Amino acid sequence: MVNYGGDEVSALVLDIGTSTTRAGYAGDDTPKAIIPTCYGFKKDPSAEEDVSMSEAGQENDASPKKDKIITYVGNNGPTIWHDGMEIAHPVRDGLIEDFSPIPALIGHAFRDIMRCEPKEHPIFVTEPAWNTAANRERMAEIMFEEFEVPAFYIANTGVLNAFAAGKGSALVIDIGHDTASVTPVIDGFVLRKGLVHSALPQLVRAHAHHHLTSQNSARPGIQLLPHQLIASKMPVEPAVPPNFTLRSDRESGTTETFRKWYEDREVEEWIQGVAGVLDQGWNEQFAAQRGARHYEFPTGYNYYFGAERYLVGEQYFSHSPQLVASNPNLPKTIPNLITQSLSACDPDLRQVLMGNVVLTGGGSLFAGLSERLSNELARNFAHVKIHAPGNPTERRYGGWLGGSILASLGTFHQLWISREEWQEHGKKIVAQRCK
Amino acid sequence: MSSGVGVAQSVLDTFQELKIGKKHKYIIFGLSADNTEIVVSKTNTDTNYETFLAELPENECRWAIYDLEYNKGEGIRNKLLFITWSPDDAKIKQKMLFASSKEALRRSLVGIATEIQGTDYSEVAYESVLEKATRQTH
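So the protein lines, in turn, are chains A and B.
Going by my numbering, 144 is the number at position 158 of the first sequence; the sequence numbering is gapless.
My numbering runs 184 ahead of the 1-based position in the second sequence.
I should point out that these hints are in silico values taken from the structure, not numbers from a laboratory.
It should be emphasised that the depicted structure is a prediction, and the values quoted were computed from it without experimental measurement.
Note that beta-carbon positions come from the ideal geometry of N, C-alpha and C, so glycine has one too.
Check the hints yourself; a few may be wrong.
[Claimed, not checked] Here are the computed lysine-lysine pairs in the PhoX-like style, where the Cα-Cα straight-line distance is at most 20 Å:
#1 B/Lys316 <-> A/Lys371
#2 B/Lys277 <-> A/Lys18
#3 B/Lys207 <-> B/Lys263
[As the list claims (entries may be wrong)] Partner residues aside, some chain B positions facing chain A, computed with beta carbon under 10 Å:
#4 Met185
#5 Gly190
#6 Asp218
#7 Thr220
#8 Val223
#9 Ser225
#10 Lys226
#11 Thr227
#12 Asp251
#13 Leu252
#14 Ser270
#15 Pro271
#16 Lys277
#17 Ala283
#18 Ser285
#19 Asp304
For reference, chain B alone in the conformation it holds in the complex (with noise of 0.2 Å):
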């Protein structure tokens, strides 16, 4: 089941240009103001993942995709998150909007590491991110 919610051209084109390119580091996603498509609202370069973090809104639902870089003694490596962003103060018909809109948007990005659902804070942190991204052997 899904919201019949399309994909704008700029979301596909910006997430190449992170992934291949390595132009941001992170890029945010959101919804159309008339609700009909998925759109880009943020890229940053900055990579202090605080930074990131600053941009998920307290009561607003968000997509992003996050490149974590970590060293666990094996050298550097790189992994791309993709974070559902879905607070428990955000109102219901955008929590529905974004959770039935979302495997439209997962489905064209190829080559995500890990997925975070996440409904609060804690469940973004630095550390509970990074021990879900280098826990998971695929």
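If we strip away everything but chain A, and leave its shape as in the complex, we get (with noise of 0.2 Å):
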């Protein structure tokens, strides 16, 4: 019985988020794979069984029946332009949508990332707190009867985010690529009326999007294009109209979805970038001040991004009066999405998550972001207390990580729902085993 005393599980953990799939070893402190969640598809224009073509895995057949279908995973997946190839994301509003890309996904991150047999090893994976009943039973399914695992557990990001920075009790502000959300967790246990969440990420990309292609009275409207359609480009001096060539075969064979995608990565970089939020509230002055910074994008184009860089990361924080009366269904902004979980709690518990306030996800990583949210909720709230780990991978690959430390313990054998549980009971034994 005390046979689990030595911590060798070699369970392996998975973690889909809505902008990468993280896999790797349970006990790692890092993912061994990351790989982008979405992924690119087209019909096979030959449509006979033309298996040569596959390049060390990278392609993988989705449906076998009636129309052939390619599909595109792994970081050589969307990224490499197809004549044709439309891009498409599983993931939405955190949950996953569209289950049939799913295996391939995983498949591409266990066997030809990692080498390695998921058949040989339990499996941790992590879920939303908001996922649904029958997402997670379909997850435990795949995962028993597609990749054959001997054993499974499922445990929501909020939790693991709490528990991995020591707390059992705390309100998780997890700041993803397309969702932001808040969940108060008490005592090991997510409060679920409390549990609020808006595609504010998303806002924000829009709005840069909007302010880069738009002129003003410094510079004209930026192109956004993608390095995979630039033939070729000449360098020129910061704010100079750029000077390349687009790649003419590959024009009529790029999809709307692929530009969506690519428009989106080039203002995801920009923001990665140089932009920024100030940590009093906006104020001209005090960006001016801040100094410029330089960008270059794929064409060339370079320019010195002065105070504007700092306009976008407003957008977590405050909308303009005009965009909120042009829109009510605005996803609500981080002051926001606290008010209202709190607003759910319990008077009683409000000062315990106020005081363990934990940051987590990727997009926490903005620059100015922690600083102008400790600003903020000081301004509120009399005892509060942020904790965001100042380790940038901790703090985008949280839930992975709490998760790698779970399935890594010896103890924890007991909870793991085992092939033969799982064979006896059917579903039902998901949401009483991962509670």
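Both chains come to you apart, so use the hints to assemble them.
In structure tokens form, the structure reads like this:
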């Protein structure tokens, strides 16, 4: 019985996010495989079976029936241009909406990148706190039936992030690629009524996209084109119109979904490169004093971005009255999400939660965000303490890391759902075991 | 979700000694060397709160039971505090282990009046602890 002393479980940990899917070994401090969750696909023009074009597992057959569809997954998947390739995003609002490419993504991460066989390892999967029962059961089914794993567990990232910060009770603010969420956790359980999330990061990118592509008094609108569509370019001085030639051969084969995807990526990279938020609220003078930052786009166009680079971050904290008037369904700002979450919680718990705020998610690494958040919260609450790991990997992969530690524990053995249990009890065991 | 870590019998016995027998002022709990069981790491009869605080390491997690005695004008009262000590500088693996094992310990100890989650010394200072213990009505 006391056989699980040694931490030799060799479990796998899988965290499927909106932007990237993270996979690795339990006990490691970073995932081994980090691949985009989005994937490319197109109808096979030859329609004949032509397996010879497969390049080291990057192309997997998603649906062997009817129309032959070629899918492109992994780090050399959607990023490589193909004639007529469409880009699809299986995750929406943090939830897996389309399960059809999921086995291909998982298989690619484990078999092609990690070179391991999931059949031989227990697998620990993460989920957002608002995941549905049907969704987690489907995930268990994929793992047991398609990958034939010996054991399975699924846990929500809200609790994992709270635990990884050493807290049984915490208010977890998770800012991802598309979704920002606030999850109250009390004694290791999510307080469902206080769980809120919004598509705020998407709004931030949409705002930045609009801002970059519109002209202002100082510069023209900027063309967002990826390097995949550019044949050649000449170096130009800052703020001078770019000098480049497009790959005309690719013009007709570039789909609308590919265009949307790369524009979003160009905006995201610009945001990560130069955008930020002021720590004390918007003030044009302060923003100008911070100095300009240089950024070069794939077209060769380059520019010193001044105060405008701080305008983008304001969207996380406040929306302009015009914007609110024009769109009543605007994603809630971070302070609004927090207020909404707290108002649904018992007043006794609010102080505990605000004293234990955990900031996580790759989006929370946005320059200046944690400082601004702590200033905003300090203004409205008496005892606020924000825990934000300084180490960017801990922040970006917080949920994965929490799962990695938990799944590596010998004592955790007794909690896994084994293959035998799955076969005996079926889907209902998932909700019983993974609370 | 829990780590599956168990609670040693000595933990329950020592807790009874404090609660019923008043043999200790405080108990400090930790994890066994192989991380499979919660064990008693220290007991003391010293009534000076500062002595207790000095037992909480700067960069390691612990749990503690403290028998708080106070007089707010209605005579001497006693309350049992359950303190979770998880300093920011502790290793992430330890934080995860302690946070996911806490419920097992907490459930086995009956008669706790107040729970305190501490990540730095100000959160477990005497005034702050006294304030929390006397604010709650239950």
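A quick look at each hint next to the structure:
For the proposed pair B/Lys316 and A/Lys371, the alpha carbon gap of about 16 Å is at most 20 Å, so the pair holds. Under the criterion of a C-alpha separation no larger than 20 Å, the hint pairing B/Lys277 with A/Lys18 is consistent with the structure, at around 18 Å. The hinted pair formed by B/Lys207 and B/Lys263 meets the criterion: a straight-line CA distance of about 15 Å does not exceed 20 Å. Given hint, B/Met185 at the interface with chain A, holds; its Cβ is 5 Å from that chain's nearest Cβ, closer than 10 Å.
For B/Gly190, the interface hint holds, the least distance from its beta-carbon to any beta-carbon of chain A being 7 Å, beneath 10 Å. For the restraint placing B/Asp218 at the interface with chain A, the shortest Cβ-Cβ distance is roughly 5 Å, inside the 10 Å limit, so the hint holds. Interface hint status for B/Thr220: upheld, as the beta-carbon distance to the closest one in chain A is roughly 5 Å, under 10 Å. This hint is violated: B/Val223 has a C-beta 14 Å from the nearest C-beta of chain A, more than the 10 Å allowed.
Among the interface hints, the one on B/Ser225 is violated; its C-beta lies about 18 Å from the nearest C-beta in chain A, farther than the 10 Å criterion. For B/Lys226, the shortest C-beta to C-beta distance to chain A is roughly 20 Å, which exceeds 10 Å, and the interface hint is violated. Using the Cβ-Cβ criterion of 10 Å, the hint placing B/Thr227 at the interface with chain A is not satisfied: the shortest such distance is roughly 24 Å. Violation of the interface hint for B/Asp251 is found here, the shortest Cβ-Cβ separation to chain A being roughly 22 Å, above the 10 Å cut-off.
This hint is violated: B/Leu252 has a C-beta 18 Å from the nearest C-beta of chain A, more than the 10 Å allowed. Because the closest C-beta pair between B/Ser270 and chain A is about 3 Å apart, less than 10 Å, the hint holds. For B/Pro271, the interface hint holds, since its Cβ comes within 10 Å of a Cβ in chain A; the closest pair sits about 8 Å apart. Against a cut-off of 10 Å between C-beta atoms, the interface hint on B/Lys277 holds, since the closest Cβ of chain A lies about 5 Å away.
At its closest, the beta carbon of B/Ala283 sits 4 Å from a beta carbon of chain A; the interface hint therefore holds under the 10 Å criterion. Interface hint status for B/Ser285: upheld, as the beta-carbon distance to the closest one in chain A is roughly 8 Å, under 10 Å. Hint on B/Asp304 holds. Least Cβ distance to chain A is approximately 8 Å, under the 10 Å limit.
In the structure shown, a violation is registered for the earlier hints numbered 8, 9, 10, 11, 12 and 13, in ascending order.
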